[in-house]
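Line order of the protein sequences matches chains A and B. Numbers 1 to 112, taken from our numbering, label the letters of the first sequence in order. Numbers 1 to 110, taken from our numbering, label the letters of the second sequence in order.
Careful: at least some of the hints might be erroneous.
[What the hints assert, rightly or not] Pulled a few chain A residues facing chain B out of the computed Cβ check, cut under 10 angstroms:
#1 G40
#2 K44
#3 F45
#4 Y74
#5 K78
#6 F103
#7 G106
#8 V111
Quick caveat, the hints were computed from the structure, so don't treat them as lab data. Here a beta-carbon is modelled for each residue, glycine too, at the ideal position from N, C-alpha and C.
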Amino acid sequence: EAGVTQFPSHSVIEKGQTVTLRCDPISGHDNLYWYRRVMGKEIKFLLHFVKESKQDESGMPNNRFLAERTGGTYSTLKVQPAELEDSGVYFCASSQIAKAQYFGPGTRLLVL
Amino acid sequence: RKEVEQDPGPFNVPEGATVAFNCTYSNSASQSFFWYRQDCRKEPKLLMSVYSSGNEDGRFTAQLNRASQYISLLIRDSKLSDSATYLCVVFYNQGGKLIFGQGTELSVKP
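Let the sequences and hints guide you as you build the complete structure.
Following this line, the structure appears as structure tokens:
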């Protein structure tokens, strides 16, 4: 069974540009999560989808971040416009209800 | 104060050593607890869940003390392949999010 996949694996952009990250969860997992790790800090929760609905977006840093989950399948996280402090590793995770979360390999974002 | 706090690392131990990691959490409403392992530049992977009764998986033993809000992980007979960062993680059913500690780096030397 395929695990959680994320694209791209790396992205280097300039401040002010837009970047879109994609996550494909494990097939059949209704729960999809986005997390972020900035250098020197712990991994932090961004938001949680149940199917196509946002269950909790309390961790989203500001309105430059927009997450969507089309049809309850894959999800995208768009940062527009990107700022230097957005640099970090963005992880996606998925799970079945009340089960362990499985993480994707992450997208390493560097904003210059 | 961080919601989940872990021992500062790194821990450098010889092969065969026993090593223990500690973790405390601040929110008594926390409902589930886990240890994840993260290799360098990789994603976190679930190592084991943690229960009040204590649980063991081979060389790994995890313990939870809800009264003290304290979680531990014991690794016996450590192997070179155990070298990684160990993340203490707390789960809240409300919202379903995981709260991570900063992680403790373990380096097992020959």
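*Kindly indicate which numbered hints from before are broken by the structure, ordering the numbers from low to high.*
When the structure is compared with the hints, numbers 4, 5 and 8 turn out to be violated.
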